[in-house]
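For the protein sequence lines, the chains are A and B, in the order given.
Residue numbers for the first sequence follow my numbering, beginning at 5 and rising by one.
Residue numbers for the second sequence follow my numbering, beginning at 121 and rising by one.
For the record, the hints were derived by calculation from the structure and aren't laboratory data.
Treat the hints with care, as some may be off.
What the hints assert, rightly or not - Calculated cross-link-like contacts (lysine-lysine; reagent style DSSO-like; alpha-carbon spacing at most 27 Å):
#1 B:Lys230 x A:Lys182
#2 A:Lys6 x B:Lys196
#3 A:Lys351 x B:Lys154
#4 B:Lys146 x A:Lys354
#5 B:Lys264 x A:Lys354
#6 A:Lys149 x B:Lys146
#7 A:Lys242 x B:Lys196
#8 A:Lys244 x B:Lys196
#9 A:Lys351 x B:Lys229
#10 A:Lys179 x B:Lys229
#11 B:Lys252 x A:Lys6
#12 A:Lys85 x A:Lys64
#13 A:Lys114 x B:Lys230
#14 A:Lys114 x B:Lys313
#15 A:Lys142 x B:Lys230
#16 B:Lys196 x A:Lys182
#17 B:Lys154 x A:Lys149
#18 B:Lys230 x A:Lys351
#19 A:Lys114 x B:Lys130
Stated by the list, open to error - Partial list, derived from the structure: chain A residues whose beta carbon lies under 7 Å from chain B:
#20 Ile113
#21 Ala218
#22 Leu264
#23 Gly347
It should be emphasised that the depicted structure is a prediction, and the values quoted were computed from it without experimental measurement.
Quick reminder that beta carbons are idealized off the backbone N, C-alpha and C, glycines included.
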Amino acid sequence: MKIHEYQARILFAQYDIPTSQGDVAQTPDEALLITRQTGFPVVIKAQVLVGGRGKAGGVKVVGDEAQLKFEFNRIKNLNIKGYPVDRILVARAIDIKKEYYLAVTIDNIKADVVVIASAEGGVEIEEVAQTHPDKIIKFYMQGAKTLDESRWAPMAAQLFSDPSLQKSATSILQKLLKLFFEKDCSLAEINPFVIDEKGNLMAADAKVIIDDNALFRHPELMALRDVSYEDADEIEAKEKGLSFVKLEGNVGCIVNGAGLAMGTMDEVNLLGGKAANFLDVGGSSNPQKVLNALMILLRNKDIKVILINIFGGITRCDDIANGILTALKQIDIPVPLVIRLTGTNEKEAKELLTTAGLTTFTSMRGAVNEAVRASK
Amino acid sequence: MSILVDQNTKVIVQGITGRDGSFHAKQMLDYGTKVVGGVTPGKGGQEINGIPVFNSVKEAKEATDCNAAVIYVPAKFAKDAMLEDIANNIPLVICITEGIPVLDMVEIKKALRNTSIGLIGPNCPGLISPGKAKIGIMPGHIHKSGDVGVISRSGTLTYEVVFNLTANNIGQSTCVGLGGDPIIGTRFVDVLKLFQEDPETRAIVMVGEIGGGDEQLAAEYIKRFVTKPVVAFIAGRTAPAGKRMGHAGAIISSGDSTAEAKIQILRDAGVTVVDFPDEIPQAIK
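Full structure from sequences and hints, please.
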């Protein structure tokens, strides 16, 4: 789960990671109130969960009240990569002497938490990583949750020649790591990590991504989810235990398992059709999930046919069949259903459906071909 | 022969009193797997389908001398279940549970270092040596014993592949579902090595997907060490970039983890990559 910069700054404050003074505003008046505390100049930054806001004009340093009002309204009316700007961060503008990069994330292949740091921070960090990998420090935690300072010391020395900055950076990294582990992050990033006019190190931006799988441990973080970034159907699907991604086509797909759902989407597209969605009903399915999935799909008026492709493992085919039968009784399904059921309790499922007058396919290719034909 | 599990594997089921645990314990038993016990804290002394239930892995191991454990417990308890197996030195652990926090898996991988314990999963269908034993959730009847080894990151897509093999009279030595999470225990290269060494595995089928870097590592390994024919299918060729397709690991994050990039790297390593799962039987004959 991505959270906004202003929310990440609140987490930073809780962990005593220095940021410049500021707060989030929704109106120019609120912004003005914040400047009473910070003074001018301030930087105002659109709070959107997509990258590239600076290049889209969503970040501006302003020197007085008139400029603040003007720029605030301008940014408020921006649409950044399809997302409107609802909230704007107003923070004291830092007179940046030098930009660094500091982040904590997970290296999946090594199955270890890794600190990434560079003396070449800023928006071009990904390019630096490509062209000058030697300028990127990667420090593996080796399974530890706290910093091994003696192992880290040479890295700090490589980044900063000044011993007091080495000490300060080490202290900030310790806090960033504490936040990372305690809040189950998959990313905690400071870019740029800057030296300000007084020679102090400070986070000039804050980016935090929380592991969705760990949200059950963090009810306090669940409240930070900005649902305006998610498709309403996708949110509803998630609440109902379905994994759903809307696409452009007209063949609705209900599949069990992410791999087979992806394979089904590929097969529909490669055989001349266009998948309308990716939908994984998950394992341990109960009949209600099928009903929910059908209801979500049927809201999409582009859909001309619904392909149900189930390979029973932990999902039992008769559960799915019962779900289909319940759905047929409870809701109006104006498009043809193409049903393929194979695997656990397949025989019971086919009996249920045949008794109700429905035909089923055994092969995936057969079902996909039929669905593509029906979509034309 | 087969790899990892056979008719002599004695398995315990963690979470045996739950809906999935009890259902699949019975399915495994019916398949012929030696299910020697179950574990649910606080429910020791009961019996489920004639299988004795124990309060802990330690108790179960002492009573049954099991050499494998399969985990069906909810995500929030899965880390402790795995740690219990590691502490009791169960040589093979299969974790079916999905939705485990990534940092829990970092801890598990650390606990596994310097042990000889093999972990399959999490978020996986398990593994089966047809005709000998199945440990997991795959439907047993679609399999047939034979000489093709199957390795996959997916669950149901693996069944699809196996179903097509069996329909074409091509049996399997062992089918291993690695799991779809970003951090997993056993990876493609580990299983490739076992299949390469297994005298009764003639050819290998690999089922991969978008995201992550495991297929690339597998390609590297195949080029250097695998002399048996390898056929691969990669799912997610038409997935939109950056969208999450259910598996946390299947996010296209860099150019290299797209399906097309993986297909190219595998082809360069001499692997036959097919477009549809039902083309695998022809390619492996």
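Comparing the hints with the structure gives:
1. This hinted pair checks out: Lys230 (chain B) and Lys182 (chain A) have alpha carbons roughly 19 Å apart, not beyond 27 Å.
2. For a cut-off of 27 Å, the pair hint linking Lys6 (chain A) to Lys196 (chain B) stands: about 22 Å separates their Cα positions.
3. Of the pairs offered as hints, the one joining Lys351 (chain A) and Lys154 (chain B) holds, with about 26 Å between alpha carbons and a cut-off of 27 Å not exceeded.
4. Taking the CA atoms of Lys146 (chain B) and Lys354 (chain A), the gap is near 22 Å; set against the 27 Å cutoff, the hint holds.
5. Of the supplied pair hints, the one linking Lys264 (chain B) and Lys354 (chain A) holds, its CA atoms being roughly 23 Å apart against a limit of 27 Å.
6. At roughly 41 Å between alpha-carbon atoms, Lys149 (chain A) and Lys146 (chain B) are farther apart than 27 Å, so this suggested pair is violated.
7. Between Lys242 (chain A) and Lys196 (chain B), the direct Cα distance comes to roughly 18 Å. Compliance with the 27 Å bound is thereby established for this hinted pair.
8. Under the criterion of a C-alpha separation no larger than 27 Å, the hint pairing Lys244 (chain A) with Lys196 (chain B) is consistent with the structure, at around 19 Å.
9. Distance check on the hinted pair: Lys351 (chain A) and Lys229 (chain B) sit about 41 Å apart at the alpha-carbon level, beyond 27 Å; violated.
10. Proposed proximity of Lys179 (chain A) and Lys229 (chain B) is supported: the alpha carbons are some 24 Å apart, at most 27 Å.
11. Proximity of Lys252 (chain B) to Lys6 (chain A) is assessed by CA-CA distance (about 46 Å); at most 27 Å being required, the pair is judged violated.
12. Between Lys85 (chain A) and Lys64 (chain A) the CA atoms are separated by roughly 18 Å; this keeps the pair inside 27 Å, and the hint holds.
13. Pair hint Lys114 (chain A) plus Lys230 (chain B) holds up; C-alpha atoms about 10 Å apart against a cutoff of 27 Å.
14. A hinted pair counts as satisfied when its Cα atoms are at most 27 Å apart, and Lys114 (chain A) with Lys313 (chain B) qualifies at roughly 19 Å.
15. The suggested pairing of Lys142 (chain A) with Lys230 (chain B) holds, with an alpha-carbon distance near 19 Å, which does not exceed 27 Å.
16. Distance restraint check for Lys196 (chain B) and Lys182 (chain A): the Cα-Cα separation of roughly 21 Å lies within the 27 Å cut-off, and the hinted pair is therefore satisfied.
17. For the given pair, Lys154 (chain B) sits about 40 Å from Lys149 (chain A) by alpha-carbon distance, which is inconsistent with the 27 Å threshold.
18. Between Lys230 (chain B) and Lys351 (chain A) the CA atoms are separated by roughly 44 Å; this puts the pair beyond 27 Å, and the hint is violated.
19. Between Lys114 (chain A) and Lys130 (chain B) the CA atoms are separated by roughly 31 Å; this puts the pair beyond 27 Å, and the hint is violated.
20. With a cut of 7 Å, the hint placing Ile113 (chain A) at the interface with chain B holds, because the nearest CB-to-CB distance is about 6 Å.
21. Below 7 Å, beta-carbon pairs count as interface contacts, and Ala218 (chain A) has one with chain B at about 4 Å; its hint therefore holds.
22. Taking 7 Å as the C-beta contact cut-off toward chain B, the hint placing Leu264 (chain A) at the interface holds, the least distance being around 4 Å.
23. Among the interface hints, the one on Gly347 (chain A) holds; its C-beta lies about 4 Å from the nearest C-beta in chain B, closer than the 7 Å criterion.
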